[in-house]
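Undergrad: Protein sequence lines, in the order shown, are assigned to chains G and D. With our numbering applied, the first sequence covers 969 to 1118. With our numbering applied, the second sequence covers 129 to 232.
Treat the hints as calculated values from the structure; they're not laboratory data. Note that the structure is predicted; figures quoted are calculated from it, not measured. Check before you lean on any hint, since a few could be wrong.
Computed Cβ-Cβ distance ranges for the label pairs, DEER-style [to be verified]:
1) 179/D <-> 974/G: 45 to 55 Å
2) 177/D <-> 1102/G: 36 to 46 Å
3) 1053/G <-> 221/D: 36 to 46 Å
4) 1005/G <-> 181/D: 21 to 31 Å
5) 981/G <-> 168/D: 44 to 54 Å
6) 161/D <-> 1067/G: 52 to 62 Å
7) 171/D <-> 1104/G: 22 to 32 Å
8) 989/G <-> 182/D: 49 to 59 Å
9) 1049/G <-> 220/D: 40 to 50 Å
10) 221/D <-> 975/G: 29 to 39 Å
Ideal placement from N, C-alpha and C gives every residue a C-beta, glycine not left out.
Residues per chain, in single letters:
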Amino acid sequence: MIGITSRTIDISKMMNDCRDESAGATVFFSGSVRDHNEKGKVIGIYYEAYVNMAKHTLVEIENEVLRKWDVKKFVAIHRIGEIKVNEISVAVCVSTEHRQDAFEACKYTIDSIKARTPIWKKELSESGNDTWKNGILPFHIERTLDNENK
Amino acid sequence: MIRSKRSAIKPLRVKLFAMAREIAGGKMEIELEFERKSIKITDIKERILQVYPQMKCIPFVLAINYKIVAEKQKRHDHVSTSNMYDSEITADDEIALLPPISGG
């Protein structure tokens, strides 16, 4: 299951949605808004997405994960809009039979989200000097990760 | 005569996001008029830079129907999810200009 939402991410629900009787391991990752960047204090982040493409990309990532690992349950949600410090902006939860697969699948998911999902963040500062975060051009990392695993 | 011919061709619409949208004065979408119905990616990029020269300040890629189209010379480090680089794009395609992403 994947999602793009402007609401608070409900991590209890995500963990619950990942419960599976055949799973012995569940790995949960969340990314949250830090109170600072290299220039100083940050009071929040505004996230913008190309929503339809972002959903499309998340489905692609989910399908890759299901193909690569024996995943029992998968949930990945990214929040958009204005998010305050300490609030969760992105969360991934994966359950598998054994822990190694869950760790690997969860890492692959968040790395892929950051590498190719069309979402942008603008850091909001107290001074009002808000700036778009320097990012990377979106690319497809599947081949790179496959090479790493060889 | 030429004018009526041109107006019969639907303009290409390009979605803009983040810093690219701000460069275009806050427009969510821009329209590009061409004299042909089918346009190459390079022509679209060239036209965007003609209309908004400030876009040269930010690297960007285009997405066509949700697929990122990487430039040929960058394929060694940006693996394209689309083979549309040499394809003809029409007004029926969904085109988006993607500046560097920073989700997560």
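Undergrad: All the hints need checking, so say for each whether the structure fits it.
TA: Quick rundown of the hints versus the structure:
no. : hint                         : in the structure
1   : 179/D <-> 974/G: 45 to 55 Å  : 32 Å, violated
2   : 177/D <-> 1102/G: 36 to 46 Å : 21 Å, violated
3   : 1053/G <-> 221/D: 36 to 46 Å : 40 Å, holds
4   : 1005/G <-> 181/D: 21 to 31 Å : 29 Å, holds
5   : 981/G <-> 168/D: 44 to 54 Å  : 46 Å, holds
6   : 161/D <-> 1067/G: 52 to 62 Å : 57 Å, holds
7   : 171/D <-> 1104/G: 22 to 32 Å : 26 Å, holds
8   : 989/G <-> 182/D: 49 to 59 Å  : 56 Å, holds
9   : 1049/G <-> 220/D: 40 to 50 Å : 31 Å, violated
10  : 221/D <-> 975/G: 29 to 39 Å  : 32 Å, holds
Violated hints, listed in ascending order, are 1, 2, 9; each of the other numbered hints is respected by the structure.
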